[in-house]
Amino acid sequence: MRLKSPVAKTAAPSIAVVVAALALSACVPNDPAADGIAVSSTATDCTVATATAAAGPVVFHVTNDGEDVTEFYLLAEDGLRIISEVENIGPGITRDLVVRVPEGEYLTACKPGMVGDGIQAAFTVTPSEDGGELTGDREEQLTAASEQYILYVRDQVQTLVQKTDDFVAAYEAGDYDAAREIYADARVHWERIEPVAESFGDLDPKTDAREADLAEGDEWTGWHRIEKHLFPPAEGYDLTAEEQQALAEDLKANIATLSDEVNAEDFALDASQIGNGAKGLLDEVATGKVTGEEEIWSHTDLWDFQANVDGALVAFGVLRDVVNETDPELVALLDTRFDDLNVLLAKYGSVDDGFVLYTDLTDDEVQELSRAVDALSEPLSQLTAAAVL
Amino acid sequence: MTDAPLPDADETPSGPSRRAVLGVSAAVAGTAVVASTAGFALGRATASDLTLNAYNFRGDHQSGIVTPQQDRLHFAAFDMTSDSRDDLITLLKAWTVAAERLMSGGELGDGAAGGSYLAPPDDTGEAMGLPASGLTITFGFGPTLFEKDGVDRFGLAAKRPEQLIDLPHFSGDMLDEAFVGGDLCIQACADDPQVAVHAIRNLSRIAFGTAAIRWAQLGFGRTSSTTKAQNTPRNLMGFKDGTRNLRAEDTEDIDRFVWSDAGDGQSWMASGSYLVARRIRIRVEIWDRTSLKEQEDLVGRTKGSGSPLSGGNEFTEPDFTREGRDGEPLISPSAHVTLAHPDANDGQRMLRRGYNFTDGADDLGRLNAGLFFLAYVRDPRTQFVPVQEQLSKSDILTVEYLNTTGSALFAVPGGIGSGEYVGQALFS
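Top line first, the protein sequences correspond to chains A and B.
Here the first sequence stands for residues 444 to 832, numbered as in this note's numbering.
Here the second sequence stands for residues 6 to 433, numbered as in this note's numbering.
Simulated from the structure, these hints should not be mistaken for laboratory data.
Possibly wrong hints are sitting among the right ones.
Stated by the list, open to error - The calculated label-pair distances, taken between Cβ atoms and stated as ranges, are:
1. A:Gly679 x B:His174: 14 to 24 Å
2. A:Ala565 x B:Glu322: 32 to 42 Å
3. A:Ser793 x B:Glu333: 21 to 31 Å
4. B:Leu297 x A:Ala565: 28 to 38 Å
5. A:Glu615 x B:Ser310: 49 to 59 Å
6. A:Glu654 x B:Asp331: 35 to 45 Å
7. B:Ser339 x A:Ile525: 26 to 36 Å
8. B:Leu372 x A:Gly797: 26 to 36 Å
9. A:Arg524 x B:Thr321: 34 to 44 Å
10. B:Gly130 x A:Gly679: 48 to 58 Å
To be verified - Looking from chain B toward chain A, a few residues come up when the C-beta cut is under 8 Å (computed):
11. His174
12. Gly177
13. Ser296
14. Lys308
15. Ser312
16. Asp368
17. Glu394
18. Ser397
Glycine residues also receive a C-beta, built at the ideal position from the N, C-alpha and C atoms.
So that you can see chain A by itself, here it is in the shape it has in the complex (with noise of 0.2 Å):
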């Protein structure tokens, strides 16, 4: 199945656009001003090292100077709404909290043992030519932000679920040949989500372990074993029959609890997990797939190469317009990466036509390739950061 992305290209900014970008994500908070408050929590006080702040990004330096675990707030003039919040601060640990504010009244709060409503004082917001409002209402959008990547999820899922069944049915009939025409496009559906299986405990080892990752002693289970005995540098490599049903059965089995994870009713992403999710993905990448450790039997790296980027640019896709109000410089910037990535990698085919084998790659074009990867990777690190603050 073919990726749809929600992404609208843009125009590549100009290189001096990107830069300036690059070294205002990469660097520091998008405030040359704020130096930051200082906020002192103990049993009994909590000082605030001034009440007023200018419009904008504010960054409190919380120190717990108390025995207990401490806790801070800033709080809308009810005292009622959390603005943000930074929590699980130990005795003698200092936590920055950033978060932007508009003009307005609120409240500041210690909240030293995590009980109780805290130790509040006022805290004024006053004006600015930053302003520090935010269109839109972004409790919406990061609801709507972590439905369509569920729903990506799921039906990335079911696809895999599909084509791993017909992946193993092949390869119980021993019809290798067409074993080894599924596997790399089997493997696109679970690449594009994998940091999701990776939250489900085991699962991941249990169903992408490569050799080396296995301790002694330990059992290999999963898509690299068989393609171990799929493919032809492993000549001398076998498995009996009863290895090879137990395997494609335990494969089969794995993706089917993957499924039900992820189609239970309690299944949440929050928008941390899906941007630290793409950024994930890229590391997959970084570290797996451009080295073409991945699949050293079937040197299949680029299917799963280009899966972890059509996954990381869903996952960006979702959170852009938060991002977009927060940091459109950042979000202009991983448009013309993910742009630039996309347009190298189809050099060298396709999802829905195949790509060329890893091995068949020069050393200048593994190259060129990770040098995409770590352009886009160095500022897709910064999303996280830009969809919640």
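With chain A's structure known, arrange chain B on it following the hints.
Chain B alone, transformed into the frame defined by chain A:
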């Protein structure tokens, strides 16, 4: 040299500079620390500097273990190219003479600019004019010295300690055979990299025909402290490393966890130790894209001060039971500090003596960098293997960001007494 051996635990830098004529003696125990903070610059010291320091080569234990950890490392593993036991003994004798001379800041043989005009100089010369720089030279014997491919080349098979195991494959090991094993090893540590390199270069030169370097590793910055006077250095993940390391002053623990005892099996290993060497590549580019929160959660400590997330300062004991929001422990059960802590490892500890390394970049333009893990233990079977098995399986930091590419274990024999050569008891 006939100096009375100094106890390793409170080794005092002393002795002459490389040129005996300089004759400046640094008698203050803290001198090594002063020198180590200035590192390379001080390597160009003049005779008037009081930062010259030399450790005794001879003593109850080999130097370079509880010695205050120096800033630089050159480590080399060797293959025996000769199968002759006599050649091996001759080499160890020659290495002993040379190592003692090098540690005292002296030149080998007739020096770098002396001797026959028609022959190459005995000493390679790059350390001329440099002080001893806290150089220590530590020798070890690998499992293959005792038996290799089923062959007992040197008549030593019966002397192999049961502690000197073949390390198992750990989950996630991506070993490069070029960085695995070795019949012999030399750890050269100094506060000046040129002094450490000079030592390995000259010792390997002496070995030609009998042994050859199998692999070697440079370390540019220490990642542990072996004395309480030293501050905790940072690894390439940017975190303080080895906060809870065993220190020389913890003499009871050092005796319990580091020094081999005659009763441990092979009497020739009395007062020795076992050295685990692991070349751990860090995926620094990926790590650098990880949020501060995730970095700290994975480590279980703050990045700035190194305090455990349960609170306090760097040296506060982590409280693994302290809970935060929703009853979740402040330090995750899968955090590195949790899984590496003695509480999670049957109380086991080790003396770490590792170094940061950067060997240029790989084909993809990524830093070929990481931690050259060195640890001294009394029994690797109980003090290293179970800990590493747990880390490589359950520690997300290890699984996601580390890649072990080299691995070796060596038996480090006890100290060298007056008139002895290194490892002499093994051959008696």
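Structure-based check of all given hints:
For A:Gly679 paired with B:His174, a C-beta distance near 20 Å keeps the hint of 14 to 24 Å intact. In this structure, A:Ala565 and B:Glu322 meet the distance hint of 32 to 42 Å, their C-beta atoms being roughly 39 Å apart. For A:Ser793 and B:Glu333, the hinted distance range of 21 to 31 Å is not satisfied, since their beta carbons lie about 44 Å from each other. Range check, B:Leu297 to A:Ala565: Cβ separation about 30 Å, and the 28 to 38 Å hint holds.
Roughly 57 Å separates the CB atoms of A:Glu615 and B:Ser310, a value that falls within the hinted 49 to 59 Å. Distance hint for A:Glu654 and B:Asp331: a CB-CB separation of about 38 Å, consistent with the stated range 35 to 45 Å. Range check, B:Ser339 to A:Ile525: Cβ separation about 28 Å, and the 26 to 36 Å hint holds. Taking the beta carbon of each, B:Leu372 and A:Gly797 are about 34 Å apart, inside 26 to 36 Å as hinted.
Between A:Arg524 and B:Thr321 the CB atoms are about 36 Å apart, so this pair conforms to the stated range of 34 to 44 Å. Distance hint for B:Gly130 and A:Gly679: a CB-CB separation of about 53 Å, consistent with the stated range 48 to 58 Å. Satisfaction of the interface hint for B:His174 is found here, the shortest Cβ-Cβ separation to chain A being roughly 5 Å, below the 8 Å cut-off. Contact between B:Gly177 and chain A, as hinted, is supported at the beta carbon level, the nearest pair being about 6 Å apart and thus within 8 Å.
Here the hint on B:Ser296 is kept, as its CB sits about 7 Å from the closest CB of chain A, short of 8 Å. Taking 8 Å as the C-beta contact cut-off toward chain A, the hint placing B:Lys308 at the interface is violated, the least distance being around 11 Å. The criterion of a C-beta within 8 Å of any C-beta in chain A is met by B:Ser312, whose closest approach is roughly 6 Å, and the hint holds. Of the supplied interface hints, the one on B:Asp368 holds, with its beta-carbon coming within about 6 Å of a beta-carbon of chain A, less than 8 Å.
Here the hint on B:Glu394 is kept, as its CB sits about 6 Å from the closest CB of chain A, short of 8 Å. Annotation: interface hint on B:Ser397 holds; nearest CB of chain A at approximately 7 Å, less than 8 Å.
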